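Participant: In order, the protein sequence lines correspond to chains A and B. Every letter in the first sequence is one number past the one before it in my numbering, and letter 41, counting from 1, is 41. Residues are numbered in my numbering as their position in the second sequence, beginning at 1, plus a constant of 122.
It cannot be assumed that every hint is accurate.
To be verified - Within a straight-line C-alpha distance of at most 30 Å, the following computed DSS-like cross-link-like pairs (lysine-lysine) qualify:
| # | chain 1 | residue 1 | chain 2 | residue 2 |
| --- | --- | --- | --- | --- |
| 1 | B | 783 | B | 766 |
| 2 | B | 768 | B | 791 |
| 3 | A | 3 | B | 823 |
| 4 | A | 73 | A | 3 |
| 5 | A | 3 | B | 827 |
| 6 | B | 918 | B | 827 |
| 7 | B | 932 | B | 918 |
| 8 | A | 28 | B | 827 |
| 9 | A | 28 | A | 73 |
| 10 | A | 28 | B | 823 |
| 11 | B | 791 | B | 918 |
| 12 | A | 28 | A | 3 |
No lab work stands behind these hints, which were simulated from the structure alone. It should be emphasised that the depicted structure is a prediction, and the values quoted were computed from it without experimental measurement.
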Amino acid sequence: MGKSVLLIEDEPNIVEAISFILSRDGWKVSTHANGQTALARIMETQPDVIILDVMLPGASGYDILSSLRSEPKTRELPVLVLTAHGQDRNREMAEEMGASRFMTKPFSNVDMLEAVRSLVAS
Amino acid sequence: MATLNVLVAVCLAYVAFLFGVAFMAERAALRGRVRWLRSPVVYTLSLSIYCTAWTFYGAVGYAARSGLEYLTIYIGPTLIMVGWWWVLRKMVRVGRAQRVTSVADLISSRYGKSTILAILVTTMAVVGTTPYIALQLQSVTLSFAAFADTTELGGAGNSRWTALWLAVGLALFTILFGTRNLDANERHHGVVMAIAVEAVVKLFALLAVGLFVVWGMSGGAGAMLERIDASDIGTWQMQGGRWAGLIFLSAAAFLTLPRMFQVLVVENDNEDHLRLASWAFPTYLMLMSLFVVPIAVAGLTHLPQDANPDLFVLTVPLSQGQTGLAMLSFLGGFSSATSMVIVAAIALSTMVSNHIVMPIWLRVAHGGASMPGDVRTLVLMSRRVAIAVVVLLGYIYYRFSGGGAALAAIGLVAFAGVAQFLPVMLGGLFWRGATRAGAISGLVTGFSVWTWSMFLPSFGSGEILPSHVLDAGPWGLSWLRPHALFGIDGLDPLVHTILWSISLNTLVFVLVSLGSFPSPLERLQGAQFVDVFLHSARPQSWSGGAAQSEDLLVMAQRILGPAEAQALFRRAAAKQGLAGYLPEPEPDFLNELERELSGSVGAATAHAMVGQIVGGASVSVNDLMAVADETAQIMEYSTQLESKSKELTRTARQLREANEKLTALSVQKDAFLSQISHELRTPMTSIRAFSEILRDSDDLKPAEKARYASIIHNEAVRLTRLLDDLLNLSVLESGQINMNMEHGTLRDVLDHAVAAAGGAGILPIRRDPENEEVGLWTDLDRLAQVFINLIANAQKYCDSPQPELRILVKPGLGGGIDVDVVDNGSGIPHDRQEMVFEKFARVSDHDAGGAGLGLAICREIMMRLGGQITYLPGQGGAAFRVSLPAEALATSA
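Using the sequences plus the hints, can you model the full thing?
Facilitator: Dropping the structure here:
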């Protein structure tokens, strides 16, 4: 049985693409499009890995990440931060907040798959 | 002839005696024994120079001619002395406090140390005193003639020579004792003492003659009184106007005559001496006048009809064979004449040298005060020459007036002349508003009237003024007749002159004073004079400055003499706690020095001399103006600096604002680039991800392949549209667009927009066909773009279950039209309404394909078309109003 991934992303086409890639690799993929209700969703689904978009309706990905890192239960939860803002300061900010990995859009499918795998392996 | 020789011998002996008295007094003064020299008795006796030969001889003549009128000449001074507390005390106090040297000095000092005024007063005083000196010469000459009884020798020639020799002798005596040294206080101990002695001699002589007449000739007081009653003199023939005029005149002259000022104020040593003088001097006058009427009556009774009544004092004893008594009487008259001439000459020479010679010398010798040379010699020389000239002028007047006029008449001419100083003098002492301009104008006016109506006619008809001028006025102007000015005829000539000269003088003085503005120094001096009893004298202060003490000492030595100057400087230095004789040029010291100097050369000159050395520290009007200018310049400069600094502050603020704007622009640009990057990356992410899937996956179903390909296609279209919008917006914002103006109707534009947005199939649209028939003249394509964007937004964001769009056309402001585009969704939240027109300001991140540039483009287009687009809140859904201006409307479609 595959590990579970929660994809928090509001752009439907991107959700579809990532879901397709991971599902084919054997991951159990669930998706969520709203920032405001994302935390509750995470607590509920208890995923092995989270892919987190930054620009979300309701709450920013960074807000969600800092909430996760302040909670003991989710402090060690692997989070892949995904953003269309590709500048260096975005990466630095994400890493300070406690992102496990950082990827910019657009990405290569192989890289995405490899990143999610590495997060579970470690 | 023998008698004449005896007379000359007696005269010479008397003069030698006076010489001795004066010399002894000087010696005593040098030894410091001034107390008895300066007693109130001596002061009072010295005032007796008021009683000149006029009084001695003339009063009897006056009484013989006009009865008791002669008394007025004594009543005036008596009133002044009795009322001394009011005027005299103030004048003496001011004179002492300000080191005043003469009446000219007093007036010039009061009116801002004015040189012009000093020269004017000096000139007037010389002119006014000249008849008086002539009077003395005439009386002595007459007395010589009477005594010698030399009719066969006599005639005019002899008396001329007598007068000339007398003039020369008086001038010499005056020069010898009046200018022996330059006293800092302008006090002449020797002369004053001699005058006091002469006062005793003339009183004694007159009393002796009087006693002889009453008891020796007429058989006692009772018989004398009976005789007086019988004569015309005893009858009371008072003419009110003339009496009042004469009393006023003699009172005025007592204060303003240069010689009276000399003895009253300048030679005064102690203000308290006035206490004794206030009753003793009137007593002296009373004694002098006591036997005037008896002598006159005796003369009229015992002497022939044609005898000159002016000489009764002499001729009555002579007719009785009393040669000794007559000799005494002659000496009394001689004393009266000489004392007057001496003091008058001294006073006038002081004025001439201080107020005319010194200012000229100071002006000619630039930087004069610090140039080498002995100023003392110059001052003394100028005084000696002035004395000679003054006496000579008297002689010339005597010669011209022919020696024929009655003594009293000549005296009154002089009185009226110097009385012109009175308004200016009293005004200066009691009225702070009196100004220099007023003083000059008043004096010139009064003196002109006096000259025209009294002085010139006094030479006699035809002498200077032709007789027709006297009778008919100059150029036939009868209102200018000297004895009937302004057509007022029938007045006594004396009253006439006094009335016009004094009243016009006073009137002009007051009016000009009121109309002119005093200089600072004038006001300062005015306050010093008027309020002399309030604050003790400090005439005006020097403001220190770069005065050179050495220069001051050099100058002071030349004026005060080395010994006195060095003593003064050493005292001042000691007072400042310094050794040696060079004190710091502090204001106190400079004021003291100026006061000391002004005692020798007058206030104006002393002020100028110290001013030259102290250099610019004087409070002259020009200096004040210069200081004021400087201050104004500094103020202007500081104002400029202030405005410059304000300008700098403003520039700095502008720079800061510009910098902030630039920073904000830079931040905006970063944010914009970041936004664009985000907007571009999102579709590209999908395109890349799905194209990789298509490339790497062989096992895709055809339906999946088709779906992914169409996603890629849609995202590519979205990208293209985004880039188009960006370019469009960029062009609109830069303003580099060409408007394609066309005619059309609103209906056509809306039809086109609805069709371009995909037709009414996607979203039902309710239109307003009647109102849409509006002709337009504008860029129709760009206007259509606005509606396309609005319809597209409604299609994307209207969240009603049964979406519907209404397009309403209404008349707008200023003759334009409003097109409202309203949907029935939930509308835009209140807090986002403000920013919907900003770039990338999507209301929701739940994107329906827009890049957030549509409304920004709409706003730019409407701005270019001269209209605007606004959000209309409270319409039940998202509502936008497109406003077109009247200019965009065309009458024909």
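Participant: Does each hint hold? Answer for all of them.
Facilitator: Outcome of the hint check:
1. 783/B to 766/B: Judged against 30 Å, a Cα distance of about 25 Å means the pair holds.
2. 768/B to 791/B: violated, 34 Å
3. 3/A to 823/B: With a Cα-Cα distance of about 26 Å, the restraint between residue 3/A and residue 823/B holds, given a limit of 30 Å.
4. 73/A to 3/A: Roughly 18 Å between the alpha carbons, so the hint for residue 73/A and residue 3/A holds.
5. 3/A to 827/B: holds, 27 Å
6. 918/B to 827/B: holds, 27 Å
7. 932/B to 918/B: holds, 26 Å
8. 28/A to 827/B: holds, 23 Å
9. 28/A to 73/A: Distance of about 21 Å is within 30 Å: holds.
10. 28/A to 823/B: OK: residue 28/A and residue 823/B at ~21 Å, within 30 Å.
11. 791/B to 918/B: Satisfied, since the Cα-Cα distance of roughly 28 Å is no more than 30 Å.
12. 28/A to 3/A: holds, 6 Å
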